[in-house]
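First to last, the protein sequences are chains A and B.
Residues 1 to 375 (full-length UniProt numbering) make up the first sequence, in order.
Residues 1 to 375 (full-length UniProt numbering) make up the second sequence, in order.
FYI, nobody ran anything at the bench for these hints, they're computed from the structure.
Do not rely on the hints blindly, as some may be mistaken.
When chains are identical, the list treats them as one kind, so a pair holds in a single copy or across two.
[Said to hold, decoys possible] Here are the simulated DSS-like cross-link-like pairs (lysine-lysine), alpha carbons at most 27 angstroms apart as the crow flies:
id: 1; residue 1: K289; residue 2: K216
id: 2; residue 1: K352; residue 2: K257
id: 3; residue 1: K102; residue 2: K265
There are 2 protein chains.
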Amino acid sequence: MEFTIKRNSFFEELSKTSKIIDYKSINPILNCVLVELTNDKLVLISTNGTLSIKCVLNNDNSHLEVKQTGRFLIKSKHILEILKRLDDDLITVIMVENNEIKIKTTKTEFNLNILDADDYPLIGFREKGIELNIDAQEIKRTINQTIISINEWNKKIVLTGMNFKIKDKKLLISATDMFRISQKTIPLKLQENEDINITIPFKSILDLNKIIENTKQLKILINENYATFILDNTIFQSNLIDGQFPNVEGAFPQEFKTAITVNSKTILKTLNRADLPTDDNLSSIINMKIQQNKIFFRSTITDIGTFEEEFDNFTSEKIEDLNINFNTRFLIEAIRSFDDEMVELKFVNNVKPVVINKKGSEDLKQVVLPTYITN
Amino acid sequence: MEFTIKRNSFFEELSKTSKIIDYKSINPILNCVLVELTNDKLVLISTNGTLSIKCVLNNDNSHLEVKQTGRFLIKSKHILEILKRLDDDLITVIMVENNEIKIKTTKTEFNLNILDADDYPLIGFREKGIELNIDAQEIKRTINQTIISINEWNKKIVLTGMNFKIKDKKLLISATDMFRISQKTIPLKLQENEDINITIPFKSILDLNKIIENTKQLKILINENYATFILDNTIFQSNLIDGQFPNVEGAFPQEFKTAITVNSKTILKTLNRADLPTDDNLSSIINMKIQQNKIFFRSTITDIGTFEEEFDNFTSEKIEDLNINFNTRFLIEAIRSFDDEMVELKFVNNVKPVVINKKGSEDLKQVVLPTYITN
Numbered sequence: 001m002e003f004t005i006k007r008n009s010f011f012e013e014l015s016k017t018s019k020i021i022d023y024k025s026i027n028p029i030l031n032c033v034l035v036e037l038t039n040d041k042l043v044l045i046s047t048n049g050t051l052s053i054k055c056v057l058n059n060d061n062s063h064l065e066v067k068q069t070g071r072f073l074i075k076s077k078h079i080l081e082i083l084k085r086l087d088d089d090l091i092t093v094i095m096v097e098n099n100e101i102k103i104k105t106t107k108t109e110f111n112l113n114i115l116d117a118d119d120y121p122l123i124g125f126r127e128k129g130i131e132l133n134i135d136a137q138e139i140k141r142t143i144n145q146t147i148i149s150i151n152e153w154n155k156k157i158v159l160t161g162m163n164f165k166i167k168d169k170k171l172l173i174s175a176t177d178m179f180r181i182s183q184k185t186i187p188l189k190l191q192e193n194e195d196i197n198i199t200i201p202f203k204s205i206l207d208l209n210k211i212i213e214n215t216k217q218l219k220i221l222i223n224e225n226y227a228t229f230i231l232d233n234t235i236f237q238s239n240l241i242d243g244q245f246p247n248v249e250g251a252f253p254q255e256f257k258t259a260i261t262v263n264s265k266t267i268l269k270t271l272n273r274a275d276l277p278t279d280d281n282l283s284s285i286i287n288m289k290i291q292q293n294k295i296f297f298r299s300t301i302t303d304i305g306t307f308e309e310e311f312d313n314f315t316s317e318k319i320e321d322l323n324i325n326f327n328t329r330f331l332i333e334a335i336r337s338f339d340d341e342m343v344e345l346k347f348v349n350n351v352k353p354v355v356i357n358k359k360g361s362e363d364l365k366q367v368v369l370p371t372y373i374t375n
Numbered sequence: 001m002e003f004t005i006k007r008n009s010f011f012e013e014l015s016k017t018s019k020i021i022d023y024k025s026i027n028p029i030l031n032c033v034l035v036e037l038t039n040d041k042l043v044l045i046s047t048n049g050t051l052s053i054k055c056v057l058n059n060d061n062s063h064l065e066v067k068q069t070g071r072f073l074i075k076s077k078h079i080l081e082i083l084k085r086l087d088d089d090l091i092t093v094i095m096v097e098n099n100e101i102k103i104k105t106t107k108t109e110f111n112l113n114i115l116d117a118d119d120y121p122l123i124g125f126r127e128k129g130i131e132l133n134i135d136a137q138e139i140k141r142t143i144n145q146t147i148i149s150i151n152e153w154n155k156k157i158v159l160t161g162m163n164f165k166i167k168d169k170k171l172l173i174s175a176t177d178m179f180r181i182s183q184k185t186i187p188l189k190l191q192e193n194e195d196i197n198i199t200i201p202f203k204s205i206l207d208l209n210k211i212i213e214n215t216k217q218l219k220i221l222i223n224e225n226y227a228t229f230i231l232d233n234t235i236f237q238s239n240l241i242d243g244q245f246p247n248v249e250g251a252f253p254q255e256f257k258t259a260i261t262v263n264s265k266t267i268l269k270t271l272n273r274a275d276l277p278t279d280d281n282l283s284s285i286i287n288m289k290i291q292q293n294k295i296f297f298r299s300t301i302t303d304i305g306t307f308e309e310e311f312d313n314f315t316s317e318k319i320e321d322l323n324i325n326f327n328t329r330f331l332i333e334a335i336r337s338f339d340d341e342m343v344e345l346k347f348v349n350n351v352k353p354v355v356i357n358k359k360g361s362e363d364l365k366q367v368v369l370p371t372y373i374t375n
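I would like the entire structure built from these sequences, with the hints used as guidance.
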C-alpha cells in the first residue's frame with residue numbers, strides 16, 4: 001500500500017472520524033480508525049457502537065495519488081499529532097511491513113505501528129430512506145438551542161434523545177426532561193407530508209454538532225432503524241431510540257394572563273446574580289413576585305446567603321400579580337438560547353409553565369415548569 | 001462597620017489576595033480573607049503558611065468612604081462571584097449582624113455569612129532589610145525563563161526553590177534540578193556589593209508571578225528569614241528555604257568544540273516532532289548526530305514508533321562530529337525560553353552539558369546535561 005495526499009485534508013478528515021471515538025471503550029480495536037485505499041479513493045471509517053462515520057478523500061478534494069491499494073487500522077491520536085507537527089503540504093504513506101507504516105515528507109520520516117484491518121467490525125452505511133434537505137448551520141443552531149432540555153441520564157430512555165417529527169410539512173425538533181421543553185420549528189420544502197417521528201440519541205446529537213462545522217448543506221436519510229446524515233464527503237449514521245416520544249405540544253399553555261417583554265441580556269444578568277456557583281453545584285430556586293411595574297426577584301444560595309433585586313426594565317402587554325418559583329438555572333438556559341434579543345415570557349398562574357419565545361416569533365419555544373419548592 | 005468602595009478595585013484586590021490561598025488547607029479559616037477597615041483605609045490579608053499578602057485600599061485608589069470601622073473574615077470565592085456579577089460602579093458593605101454582612105447597590109442586595117476576625121492568625125509584615133529596586137516585568141520574564149529547571153518535588157529541598165544571589169553588583173537568578181540549569185543575570189544599580197544568597201520556595205515564585213501582572217516597579221526587601229516584595233499597594237512576603245544552594249556557575253563549561261546557531265522556532269518544530277504526547281507522558285530521548293553540514297535527529301516514541309529527520313537549517317562557527325543524547329523535553333523547554341530568536345548551542349563532547357544562549361548575549365543561560373540512555 002502506498003499513497004500521497006495533502007497533509008491538511010488527511011488531518012481534517014482523520015480528526016472528524018476521531019471525534020466520535022469512545023476512548024473509554026474496552027475494545028482497543030474501536031479506538032482505531034479504519035483506513036481503506038482503493039484505486040481512486042481513501043476511505044476513513046470509525047464507530048462507537050451507536051454511531052458510525054465514513055469520510056471519503058479523493059484526488060479532487062485532497063490531491064490523493066494512489067500507488068498501491070491496501071488497508072490498515074491505526075490509533076488516530078498518534079497519527080494526528082504527527083500530521084499536526086509536520087510542515088510539508090504533501091505526505092506519503094507506505095506500508096512497510098504488516099504491522100508498520102512509514103509517513104514520509106522531504107526530510108522527515110515516522111515509522112508507526114498499525115493493527116490488522118481484518119479485525120475491524122463490518123459497518124454498513126445505509127444511503128436510502130426518506131430524504132430531507134436542510135441548512136446545516138440551522139440544524140447546528142437548533143441543536144444548541146434545544147439540547148439544554150435533555151437530561152442525558154434520564155431514566156426514561158426515550159427522553160435521552162432529541163425528537164425529529166414532521167407535522168404540516170414542517171420539521172419539529174423537540175427535547176424535554178419533563179421539567180422543561182425546548183422546541184424548534186423549521187420549514188421544509190416537501191411535496192407531501194412524510195410520516196417521520198424519530199428520536200436520536202444524545203451522544204449522536206452532540207457528535208453531529210461537532211462534525212457539521214462550517215458545512216452548508218445537510219441531507220438526512222431516515223429509515224426504520226437509522227438516521228443517516230450526509231455532509232459534503234462525510235456520511236454520519238446513528239442508531240435511533242425506540243419508544244414513543246411524548247407529545248410535548250400538548251403541554252404548551254395557549255392562553256396567558258401575564259406577558260412581559262424583556263431584553264434577554266438584561267434579565268440574564270439578574271438571574272446570574274441569583275445563582276452563584278456553590279460547592280454542591282445545585283441550582284438555586286428563584287422567587288419572582290410580579291406586580292404592575294416591578295418584579296421582585298429573591299433567592300437563597302446554599303452556604304452563601306440571600307439575594308434580592310428590584311427589576312423594572314421590562315414592558316408588558318397584560319399583567320396580573322403573580323408569585324412564582326423556578327429552578328434558576330433552567331430559566332437561565334432557556335433565556336440564553338435566544339442570544340441578545342427581546343424575549344417574551346408568558347405566564348398563566350403559579351403552577352402552569354412559563355412559555356418563552358423571541359418577541360414576534362414562535363419558531364423557538366422554551367417551556368419551563370415552575371417548582372413548588374419555595375425558599 | 002460600613003463602607004462604600006469602587007466595585008472594580010475591591011474585586012481586583014480581593015482577587016489578588018485570593019490567588020495565594022491554598023484551598024486544600026484543612027483549616028477553613030485559612031480559606032478566608034481578613035478584611036480590616038480603619039478610618040482611612042481598607043486592608044485585605046491572606047496567607048497560605050509559606051506566603052502572606054496584604055493589599056491596601058484607600059480613597060485615592062478606590063473611592064473608599066468609611067462610615068464605621070470594623071473587621072470581618074470572609075470566604076473570598078463567593079464575594080468575588082457577587083462582585084463580578086454586579087453592575088454598579090460603587091457598592092456599600094454593611095455589617096448587619098456579627099455573622100452577616102450586606103452588600104448593597106441601587107437595586108440589588110446580598111446578605112452573606114461571615115466568620116469572626118478574631119479567629120484569624122496574627123501576621124507580621126517586615127518592611128525592613130536589604131533593599132533592591134527592580135523592573136517588575138523583567139522579574140516576571142525571568143521567572144518564566146528559569147522556573148522550567150525547578151522540580152517542585154525534588155528530594156533535595158533547597159532545589160525546590162529559586163536562588164537569588166548578588167555577585168559583582170549583578171543579581172543572578174538560578175534554578176536547577178541537577179539535570180539542567182537556568183540562570184539569568186540582571187544588572188542592578190547598587191552602591192556596594194550586598195551579601196545576598198537566598199532561595200525562595202517554588203510556590204511563592206509561582207504566586208509572585210501571578211501577582212505582578214502589569215506592575216512596573218518592584219521593591220524587594222531581604223532579611224534573615226523573609227523576602228518581602230512591594231508592588232504598588234501590595235505587600236507580598238515569603239518564607240525562605242534553608243540550606244546552601246549549589247554553586248551552579250561551576251558546572252558551566254567554558255571552552256567549546258562545536259557551536260551552532262539556529263532559529264529557535266525552526267529547531268523547536270523538529271524537537272516537537274521527536275516528542276509526541278504518549279500515554280505515560282514521559283519525554284522521549286533524542287539522538288543528535290552532528291556532522292559538518294547536517295544534523296541527524298532520531299527518537300523512539302514509546303508505543304508509537306520511530307522518528308528520523310535530516311536538519312541543515314543552521315550555521316556554525318566551529319564544528320566537530322558529535323553523537324549525543326538528550327531528554328527531548330528538557331531541550332524543548334530550554335530553547336523555548338528564548339522566544340523567536342537566533343540561539344547558540346555550544347557543545348564540548350557527548351558527556352558535558354550543552355550551553356544555550358541567545359546569539360550575542362549571555363544574560364540568560366540554559367544548560368542541559370546529556371543523557372547516557374540511548375534508543
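Could you work out which of the previously given hints the structure breaks and list their numbers from low to high?
Hint 1 alone not satisfied by this model.
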